[in-house]
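Since chain A is already given, all that's left is putting chain B on it; use the hints.
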Amino acid sequence: EAGVVQSPRYKIIEKKQPVAFWCNPISGHNTLYWYRQNLGQGPELLIRYENEEAVDDSQLPKDRFSAERLKGVDSTLKIQPAELGDSAVYLCASSLVPSGSLGIQYFGAGTRLSVL
Amino acid sequence: QKEVEQNSGPLSVPEGAIASLNCTYSDRGSQSFFWYRQYSGKSPELIMFIYSNGDKEDGRFTAQLNKASQYVSLLIRDSQPSDSATYLCAVRSNAGGTSYGKLTFGQGTILTVHP
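If you're matching them up, the sequences are chains A and B in order.
Positions 1 to 116 (this note's numbering) are the ones given, in order, by the first sequence.
Positions 1 to 115 (this note's numbering) are the ones given, in order, by the second sequence.
Among these hints, one or two may not hold up.
[What the hints assert, rightly or not] For lysine-lysine, the following DSS-like pairs were computed, each having C-alpha atoms within a straight-line distance of at most 27 Å:
(1) Lys56/B with Lys67/B
(2) Lys11/A with Lys42/B
(3) Lys2/B with Lys56/B
(4) Lys42/B with Lys15/A
(5) Lys2/B with Lys62/A
(6) Lys15/A with Lys62/A
(7) Lys78/A with Lys42/B
(8) Lys56/B with Lys42/B
(9) Lys15/A with Lys71/A
(10) Lys62/A with Lys16/A
(11) Lys11/A with Lys62/A
(12) Lys67/B with Lys2/B
Bear in mind the hints are in silico, worked out from the structure with no lab data behind them.
One chain only, chain A, in its complex shape (with noise of 0.2 Å):
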């Protein structure tokens, strides 16, 4: 069974430039999350979604981050414009709903943005 995929692997943009980042979550997991992970640092929660609604998007910068969730499957996080700042590793994750199990996260390979 594939687990979480994640394109591209890596990044690199000037800032000011828009960039997405596209998650494709394991087979039957309805709840999907995007991580930014600094360096040094635990992956932080960026927004979740169960099924293509965002049930918590409170730590995401809404003035130039956007994500979406489409047929409740794949999803796509944007950036733009970049800032310097925002050069991290990008992860999603996914998992059951979390009600009614552990709701284990399970992650793709990331995406690690450089933003010159």
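Structure of chain B alone, referenced to chain A:
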């Protein structure tokens, strides 16, 4: 105070020794606790979870939970060089509303096992 705090590293142990990784959390209502291992440049992978007070063993790994002290630890017995990685403690919120099920991670502890 950080919500989830791990012992500062890096931690260096000789091969064959016991590595002890510690984590404290601030939300007393938290119910589930996870340990992820992250190799350099790779994604976090789950190695243990625990939700009852006491010890839980899985091979060379033992997770320990003390909810009264808001403390969770991971012991790695017979440490191997392949255990060298960053270990992330994560705590799952049981609060209502949008925070339900949210995982909060500690900053991670770098473990090096030297031959």
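Right, here's what the structure says about each hint:
no.	hint	verdict
1	Lys56/B with Lys67/B	14 Å, holds
2	Lys11/A with Lys42/B	16 Å, holds
3	Lys2/B with Lys56/B	26 Å, holds
4	Lys42/B with Lys15/A	25 Å, holds
5	Lys2/B with Lys62/A	24 Å, holds
6	Lys15/A with Lys62/A	17 Å, holds
7	Lys78/A with Lys42/B	22 Å, holds
8	Lys56/B with Lys42/B	26 Å, holds
9	Lys15/A with Lys71/A	31 Å, violated
10	Lys62/A with Lys16/A	16 Å, holds
11	Lys11/A with Lys62/A	21 Å, holds
12	Lys67/B with Lys2/B	17 Å, holds
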